Amino acid sequence: MQMSRMNSPSVGDDDGGVGHALSDFLLQLENYTPSVPDSVVAYYLNMSGFESQDPRLIRLIALAAQKFLSDIANDALQHCKMRTSSQMSMSKNQKGPKEKKYVMTMEDLVPALQEYGIIAKKPHYFV
Amino acid sequence: MSETTEKIESNGDARRRILNIAVSTVLLESGFETVDKISLETLTEMLQCFFTEVGNSANRYCELSGRVEPVLADVMLALINMGISLQGLEQYAARPNRHVIQPPQQAPVPRT
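Chains W and C are the protein sequences, given in the same order. Per our numbering: the first sequence ends with 187, consecutive numbering throughout. Per our numbering: the second sequence ends with 118, consecutive numbering throughout.
Hints listed in this document are in silico derivations from the structure and should not be mistaken for laboratory results. It should be emphasised that the depicted structure is a prediction, and the values quoted were computed from it without experimental measurement. Please note that a few of the clues may not be correct.
[Claimed, not checked] Here are the in silico distance ranges between beta carbons for each label pair: (1) C:62 with W:171: 49 to 59 Å; (2) W:146 with C:114: 47 to 57 Å; (3) W:83 with C:70: 14 to 24 Å; (4) C:117 with W:107: 21 to 31 Å; (5) C:75 with W:174: 30 to 40 Å.
We put the CB at the ideal spot given by N, CA and C, even for glycine.
Modelling step: build the complete structure from the supplied sequences, incorporating the hints.
See the structure below:
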């Protein structure tokens with residue numbers, strides 16, 4: 061798996077505004093708990109040399125990571141929906157509106173990751 | 007020696023399990039019902055890689071400007087340099103029905 065750096069076009073234009081908004085946002089993080097516990101994020105950050113006494117920074121990173129994952133998951137979900145709908149229309153069996161259960165597989169994840177410039181190749185024996 | 011390495015591995019495993027739960031939570035929020043093991047493991051690896059990479063990068067930016075403790079600007083630079091968009095972060099933080107994972111329990115410090 062390779063992570064390539066890309067330029068984000070959305071931030072480049074008005075980074076002053078984003079910076080200002082983000083420093084305001086940092087104050088709101090004082091009493092906010094992201095999904096990933098602080099201690100877990102802090103562990104991985106400390107492992108890589110980042111030692112901050114400010115828990116808000118850790119929460120900001122946790123939130124950014126969560127949003128990153130969420131965006132990828134949304135993309136994968138769109139892929140999954142498109143794939144299943146095309147399969148449903150190909151096989152013309154009318155079973156009525158059965159409940160839809162979306163399963164995330166590598167088949168959907170790989171194209172979603174590719175949009176973010178991440179090439180995921182897993183050997184078939186990898187579990 | 008073997009005891010310490012084993013302990014480190016089990017500690018990493020516990021954190022890894024929490025990352026697993028975190029990934030699953032995010033996927034559940036975005037509408038997936040099930041995930042196969044290889045995708046879950048890929049996303050967990052990515053999450054771990056993300057934290058490590060941001061920590062590394064922010065630390066470098068911090069030390070480049072002659073500071074010891076990272077500030078917001080360092081983290082921002084690190085995130086932007088990685089191509090992570092900070093645009094919709096506030097809206098994402100305020101999203102409804104978000105789940106929070108219980109932090110892991112701390113083992114008591116062993117008496118020596």
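Those earlier numbered hints the structure runs against, lowest number first: 1
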